[in-house]
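Colleague: Residues per chain are reported as follows:
2 protein chains.
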Amino acid sequence: MNYIIGIDGGGTKTALKLADSDGKLILSNEGGPCNINSMGKEYVQKMLKELLEDTLNKSEITMEDIRVLCIGTAGVDRPDDKKIMEDIIRGTGYNGKVVITNDAETALYGGVGGNEGVILISGTGSICFGRNSEGETKRAGGWGHIIGDEGSGYYIGINAINRIAKGYDGIEEKTIMTDLILEHLNLENPQGLIQFVYRSGAGKSEIASLARLVDEAYKQGDTIAEEILLRAAFELFLTAKAVIDYLKLNRKECSLAVNGSVIEKNECVSNEFKRLMNKNYPHIKVINMKNDAAWGAVLMGMNN
Amino acid sequence: MNYIIGIDGGGTKTALKLADSDGKLILSNEGGPCNINSMGKEYVQKMLKELLEDTLNKSEITMEDIRVLCIGTAGVDRPDDKKIMEDIIRGTGYNGKVVITNDAETALYGGVGGNEGVILISGTGSICFGRNSEGETKRAGGWGHIIGDEGSGYYIGINAINRIAKGYDGIEEKTIMTDLILEHLNLENPQGLIQFVYRSGAGKSEIASLARLVDEAYKQGDTIAEEILLRAAFELFLTAKAVIDYLKLNRKECSLAVNGSVIEKNECVSNEFKRLMNKNYPHIKVINMKNDAAWGAVLMGMNN
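Sequence order for the protein chains is A and B.
Numbered according to the numbering used here, the first sequence spans residues 2 to 305.
Numbered according to the numbering used here, the second sequence spans residues 2 to 305.
Isolated chain A, as found in the complex (with noise of 0.2 Å):
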């Protein structure tokens, strides 16, 4: 037989999607977080090994049936880095051919549904990831919370913070954004924020958290919040051109694949990022993903 398994490691969840031969999707199946440096070799070895095989035998098919296996996950992009990540997945008993890539790389592949395109990333974090009918690539974005990952939910989120501090301290107006967030932080007020941030040990993922607020805010007419909001997506776009502009597909018909809880839900980032977009390059189509990174993965190694 010849089956193709395709997975997307998350910091927070593993995907895998097994298909066969014909492109058919065979099996969904979910394992805990891929993250070398968060979790260690040794968790991401045994979560992956436990994942094939719990995927085997509810499909009823041997490890010698797959054909090829191919997943996308952060920061392999670097050959000692693909070399550790080889090195984990036949560390699980697998003999087969493996394809190891970036997530953004399967993401691009689920999202536009092939190898040409744009994928722009906005959740926690942001990054913006293409690839020409040539076969060139470029990145942009993706530096993490505290060097860039402009426009996505960490970055919407902090932004807040400092402007309620900036309120409560009387360098600007107060904002909206303050009672929103306070409350659902359950928090007393703004001093409390201190807390929040450096001592409860919060987070990226609770910090990103606050751009469904900043969202609320701004539908509430909050000016401020519709600043962040308008700049972030400003930001996204400007990642987007840097990948766009660096592939010369600012002339021609093809598509960028949104993905993540900012760029698809938030109202306000999610319009303008489009106005901006079909201002600028009116040929190129701003779609929601076809097809998740798992898929993205199957369909990479149907390719290989």
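No lab work stands behind these hints, which were simulated from the structure alone.
Hints should not be assumed to be uniformly reliable.
The list makes no distinction among identical chains, and a pair is therefore deemed to hold if it is satisfied within one copy or across any two copies.
Said to hold, decoys possible - Within a straight-line C-alpha distance of at most 30 Å, the following computed DSSO-like cross-link-like pairs (lysine-lysine) qualify: (1) K50 - K98; (2) K59 - K253; (3) K275 - K220; (4) K291 - K83; (5) K291 - K275; (6) K139 - K175; (7) K266 - K175; (8) K280 - K175; (9) K139 - K59; (10) K205 - K175.
Mind docking chain B on chain A? Use the hints.
Modeller: Coordinates of chain B only, in the frame set by chain A:
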């Protein structure tokens, strides 16, 4: 006898000054970090005990000769924090009068040589603090490097890294800062900055120390470095403005003392800040610190 001890308890070192009842300096001394959160209470108590004993030995006076001990440290704004610090002081064996206050307050006393005026600090972090003749006080800024600290060395350093990343991605023009900072950090390419910021545990102060190179790039004609520095100066001005306007110091003659490596040594930031102050608040004199915060603590102690 009737001596006064003033202590400026900082995050990297503690400065102590001993004065007699006529306000004459007898002795300066120095101890380790005075931050309870990072060093722990026991460390701080041991450090202060040794510092006091060493001071008494050197000056040949006894604990009983000290009339008042005034200490300024970061993060003692809440009554709970003051109580913790008082217990620590009592644990050293000192039984006289204790004054516990914020380090911005002692810096103000030292900087303007009295209790009316404004102190603007921009070193690794940034904060502004002021007091008017009615005794009202006002703080702005000082929210730490993640939430705020606009115009600080950290703010300048992290913005420089962000703009280097944007130059690398093709989102904007390349900057002279790229070569200066990569060479300084001994990195081969901008992607190495990810390792520097996230994996090597680069602290606030390491990132803040890059501000010097941003000034260097500015002097070589780099417009992006100039943009960062002018923005930093403007943010510091807005922070000072909030304090000045709140305390209604905007029409009377008073002093604003500046303190910290950025606002004292970075020519672009310093000049632009002074230009904005002179233009908007011609009655307010921008001065360098008359005395340091430890001497400010002595002055506060004498007035108590």
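Colleague: Each hint: holds or not?
Modeller: Against the structure, the hints:
Proximity of K50 and K98 under a CA criterion of 30 Å is satisfied intra-copy only: 16 Å inside one chain copy versus 66 Å between copies. Proximity of K59 to K253 under the C-alpha cut-off of 30 Å is found in neither arrangement, the shortest distances being 44 Å within a copy and 80 Å between copies. Within a single copy, K275 and K220 get their C-alpha atoms as close as 18 Å, which meets the 30 Å cut-off; across copies the closest is 40 Å, which misses it. In the homo-oligomer, the alpha carbons of K291 and K83 lie at most 30 Å apart inside one protomer (27 Å), although the nearest pairing across protomers, at 58 Å, exceeds that limit.
Only within a single protomer do K291 and K275 lie at most 30 Å apart by alpha-carbon distance; the minimum there is 17 Å, versus 56 Å between protomers. Taking identical chains as interchangeable, the C-alpha atoms of K139 and K175 lie at most 30 Å apart only when they sit on different chains, with a minimum of 17 Å there against 41 Å within one chain. For a Cα distance limit of 30 Å, the shortest separation of K266 from K175 inside one copy, 26 Å, qualifies, whereas the shortest one across copies, 33 Å, does not. In this assembly of identical chains, the alpha carbons of K280 and K175 lie at most 30 Å apart only when taken from different copies (26 Å versus 33 Å within one copy).
Taking the shortest alpha-carbon separations for K139 and K59, neither the intra-copy value of 38 Å nor the inter-copy value of 66 Å comes in at or below 30 Å. Proximity of K205 to K175 under the C-alpha cut-off of 30 Å is found in both arrangements, the shortest distances being 25 Å within a copy and 29 Å between copies.
The earlier numbered hints that this structure contradicts are 2 and 9.
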